[in-house]
Each structure stands twice: as structure tokens, then as C-alpha cells.
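S.K.: Sequence:
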Amino acid sequence: MIRTARPLQGALAAVLAFGLTAMTACTPTESRPGGGADLVLLGGSVWTGDDARPTAEAVAVSDGRIVSVGSQSEVAGWIGIDTEVIQLEGRFVTPGFIDNHTHFNRAGELLLGVNLLEVADGVGLRDEVAATAERLPEGAWMVGGMWGAYEQWAMNSTGADGEPAPDARAPFDPDRSVVDGVSADNPALLWNWNRTRYLANGAALAAAGADCSWEGVECEAGEPTGRLDGTAAARIRSAIPPKTVDQRLAEGRAALADLAQFGITTFFDITPPSQVEVYERLREAGDLTARVNMRMVLDTWDEMRDAGITEGFGDDWIRYQGLKGFVDGIMGSSQARFYEPYLTTGVRGYWRDDSNTGYVTADGSGMEPAGNMEALVFGADSAGFNPRVHAIGDEAIDSIMDIFERVMEVNGPREGRRFAIIHNQVIRGPETAQRQAELGLIAEMQPYHTIDDMRWMEERIGDRGRWAYAFGTLDEAGVLLSFG
Numbered sequence: 408m409i410r411t412a413r414p415l416q417g418a419l420a421a422v423l424a425f426g427l428t429a430m431t432a433c434t435p436t437e438s439r440p441g442g443g444a445d446l447v448l449l450g451g452s453v454w455t456g457d458d459a460r461p462t463a464e465a466v467a468v469s470d471g472r473i474v475s476v477g478s479q480s481e482v483a484g485w486i487g488i489d490t491e492v493i494q495l496e497g498r499f500v501t502p503g504f505i506d507n508h509t510h511f512n513r514a515g516e517l518l519l520g521v522n523l524l525e526v527a528d529g530v531g532l533r534d535e536v537a538a539t540a541e542r543l544p545e546g547a548w549m550v551g552g553m554w555g556a557y558e559q560w561a562m563n564s565t566g567a568d569g570e571p572a573p574d575a576r577a578p579f580d581p582d583r584s585v586v587d588g589v590s591a592d593n594p595a596l597l598w599n600w601n602r603t604r605y606l607a608n609g610a611a612l613a614a615a616g617a618d619c620s621w622e623g624v625e626c627e628a629g630e631p632t633g634r635l636d637g638t639a640a641a642r643i644r645s646a647i648p649p650k651t652v653d654q655r656l657a658e659g660r661a662a663l664a665d666l667a668q669f670g671i672t673t674f675f676d677i678t679p680p681s682q683v684e685v686y687e688r689l690r691e692a693g694d695l696t697a698r699v700n701m702r703m704v705l706d707t708w709d710e711m712r713d714a715g716i717t718e719g720f721g722d723d724w725i726r727y728q729g730l731k732g733f734v735d736g737i738m739g740s741s742q743a744r745f746y747e748p749y750l751t752t753g754v755r756g757y758w759r760d761d762s763n764t765g766y767v768t769a770d771g772s773g774m775e776p777a778g779n780m781e782a783l784v785f786g787a788d789s790a791g792f793n794p795r796v797h798a799i800g801d802e803a804i805d806s807i808m809d810i811f812e813r814v815m816e817v818n819g820p821r822e823g824r825r826f827a828i829i830h831n832q833v834i835r836g837p838e839t840a841q842r843q844a845e846l847g848l849i850a851e852m853q854p855y856h857t858i859d860d861m862r863w864m865e866e867r868i869g870d871r872g873r874w875a876y877a878f879g880t881l882d883e884a885g886v887l888l889s890f891g
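So the sequence shown is residues 408 to 891, counted in my numbering.
In case anyone wonders, no lab produced these hints; they're calculated from the structure. Hints may be right or wrong, so weigh each one.
What follows is a set of in silico ranges between Cβ atoms, one per label pair, in the way DEER data are often shown [what the hints assert, rightly or not]:
1) Glu865 - Ala537: 36 to 42 Å
2) Arg821 - Gly471: 28 to 34 Å
3) Thr880 - Leu750: 19 to 25 Å
4) Glu865 - Asp653: 43 to 49 Å
5) Asn818 - Glu747: 29 to 35 Å
6) Gly529 - Met861: 29 to 35 Å
7) Arg513 - Glu838: 33 to 39 Å
8) Phe669 - Leu888: 16 to 22 Å
9) Asp470 - Ala782: 39 to 45 Å
In this text the structure is predicted, and so the values were computed from the model without any measurement. The C-beta atom is built at its ideal place from N, Cα and C for all residues, glycine as well.
Using the sequences plus the hints, can you model the full thing?
M.R.: Here is the structure:
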């Protein structure tokens, strides 16, 4: 079958998904099966990644692997009776991209469910809830949303001792009158970016049986306004039925479609246990269009070990790869941890202590000494797992490096050890980069943050911002960079 490639939007005229094998993994002279290749691409501008032969014209693929890269005449011999042939007509071809940092199930929820990150007023809230109701089947719940996130982060809403900063306007605090008219068929339990404000629509209040007798339900003239405190919100949330399998699969397909339009064919995911079933079902249905490397949270290392799961367990399409931990917060909320205080808040940020994956001591107190995080890294490394730990501020980065170094010294050399610092956003200078290189650490960074967080970086941390997103310094020091 011969067909012509369709024009595609984007910076690349064509991005074709070839999986994990690099284009230089084989040569035109490699033996071919009698039946020919499954797929042959002809007449393209193929980037190979090989300095000795940087471009080619054609590619052959069999059983999900690239078996030949070369000129049209070299690859034409791979065409058999059943080979699918695509005439590229000069379009550009590159191996599929790998994204090192996704929250896949959350992305699916935001794509199909309610996404309020950019919403900070009543009109925006009503419009987004109305649009979500159009997408969802009758009776399906809208949950979350995180309204006001981008606006409040930009205004540096977190001040000293957690109080609002002087330049932050009063937080948006809607009642259910804003959304009831556009969401009568869909119960909604919504909250703001830091879960200090909650809103339930009339359908949600009715479904949960919530009324003015409940603690934490705000009422006016004997009627609930929809505003809730955390206790009441938790009670309503307990009434939300689990998502159906079909809904979870639909969210997965939406997230995969989003990855595909950017040419992403492999991704790393911070994976809740329930998501594993979704990946397996998507594969069974033939809908898993990208390879997934799953990362469970760091404190599950012993459960995974006891279940016989090891680093890399799985196959080419679904595998376990690394464990995720956290040291500090994020720049957006001024909670990344620094040696010196933020210029805007007078605080140094926070140690992440919201779960056993966080930077807490065994007794649940603060970070002096490293405590629970060091025990988790030690245990995971001893079992052959590779911790990947979120660290953004300079003190957080130095602290996790200290832990990594101590664990390496105690456990000794280990084949396949690949410790990584996730985000690695603000280092102290070239000496930090050099130390990361000497320890053999991977810097898993997200260049998008140079657009996002950099908007307020200088205002919040001053000259320290010169060492934010120091891709060049890290690369020159020999640190392995991974992007997503």
C-alpha cells in the first residue's frame, strides 16, 4: 500500500513515531525478512543523530523497530507485498520525542474535566463550567479545577507566615449562584489553587445530602451558598462515586492525543497505582500510542520489592522506571526552599512534608536532620530502584545531593544506578553543576519553566535568579540533561 504523507501543523512538517530505537541503531545492509518491512518511508529529510551521516532519505520499520536508514535505493529493498509505503515528498522526519515529566491521569482530567487554572472571576468560572458540562455525560461529577492558580502565583500571593502578600488582591471566592445555571445535570465540587476555598453546586449538595446542619457549610437565609470549609468538602467528596472505567479510558485517550500532536512517543509518568490498569486496557484496545515509564512514589519501594517488581520491570510499552520523591515546594507559590529568604515574603520556602515521600523526619517533624528522605533513598537504592527527587530551591538541591552522596558511600557502587534531581531549577553556581557531574546525577529539567516561573524570578530571589535554569552551565560541567 502506497500513500502520501498529509501536511501536518507545527514546526516540524512531519513527526513520525518510531519508538525507543535510535535511527542509527542499524544500517542499510542489515538482513531483512523475506516478507519485507512493515513500514517504509521514502523521499524525506530524515534526521539520524549520526554526525557521520546526519541526514537520510528513507526509513524501514519492522515489528516496531527501525531496521534500515539510508537512501531511497538502499531502503527500497525492504518493500514487500504487504509493506505500507509512505511517500514523504521531502517532509522532515525525526525520532519521536521523549517527555521526562508528566502527570498523565491529571492531564486527562484537565482535558476532559474542569480546568480552572486560568480562571479568576465569575464570568470565567461560569464559562468553563458550562463548557465542561457540555463535554461530560449527564450525572458525571466535576471535581477540582484549581481556580486562580496562575493569577495568584503571578501576584506572589504567598506572603510571610502564609499570609497574602501586600500586592495580592482579595482571593476570588464564588458562591454556587455563579455555576448552578450551567451545571444542573452535573454535580460539581471545585476548589481553588491551594485548597483553602471550596465550592459545591446545587447538584453536588443534593447528591451528598448536604444542608445547613452540616459543619462547614456556609448558609444565608437558611440556604447553602455552596461555599464550604475543608471538613465539609471532604464529606461531599466521600459521596462522589468512583469514575467508570470508560471515563478513565476516555481521559487516557485525550492525554495520548495531546502527546501525539507534539510528536511525543515515550513519556515518564508519576503514576498512581490505579492508573496501571488504564494503561493495560488502553494497550489491549490498541489505543496506547506512546510508551510509558511509570514512577510510583518513593515510599512504595519495599512494597514493590516484596511484589517482585524491580527497576525496569515490564516491557517496551509499559514499564516501571524510577521512584518519585519530593524535597520542597514550587516557585509559583514561593515555597521552593532557599538558603536565603524570598525578597517578597521574608521566608525561605518550605520542606515538603505532606506525605511519606516528603522531606520529614521519622517522627513527622521538620528537616533537621534529613531523616525520612534519607531512609527512603537508602532503602530504594538498596533494592535496586532509582530515586528521582523533586528539588527546586538552592538549599533543597544541595540537601538532596548530600543525601544521594551519603547513600552512594554507604551502599557502594551499583550497576544501573541513575539518581536524578527533578526540576533542578535554581543552583548556587558552577560548583553545584560540577558536583552533580561528579556524582553522576541526572538533571531532569523542564525548559517551559523558563517562560513560566522566570516571569517573577528576579523579583522574588534577585541575583540568585542568574543561576536559574542553568542548562549551559550544567551541560558544560558534564551533567546529563533530560527534558520534558
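S.K.: Each of the hints needs a verdict: does it hold here or not?
M.R.: So, going through the hints one by one against the coordinates:
1. Glu865 - Ala537: 36 to 42 Å: holds, 39 Å
2. Arg821 - Gly471: 28 to 34 Å: At roughly 31 Å between Cβ atoms, Gly471 and Arg821 fall inside 28 to 34 Å, so the hint holds.
3. Thr880 - Leu750: 19 to 25 Å: holds, 23 Å
4. Glu865 - Asp653: 43 to 49 Å: Since Glu865 and Asp653 have Cβ atoms about 48 Å apart, the given range 43 to 49 Å holds.
5. Asn818 - Glu747: 29 to 35 Å: Taking Cβ atoms as reference, Asn818 and Glu747 lie about 33 Å apart, which means the hint holds.
6. Gly529 - Met861: 29 to 35 Å: holds, 31 Å
7. Arg513 - Glu838: 33 to 39 Å: holds, 36 Å
8. Phe669 - Leu888: 16 to 22 Å: holds, 19 Å
9. Asp470 - Ala782: 39 to 45 Å: holds, 44 Å
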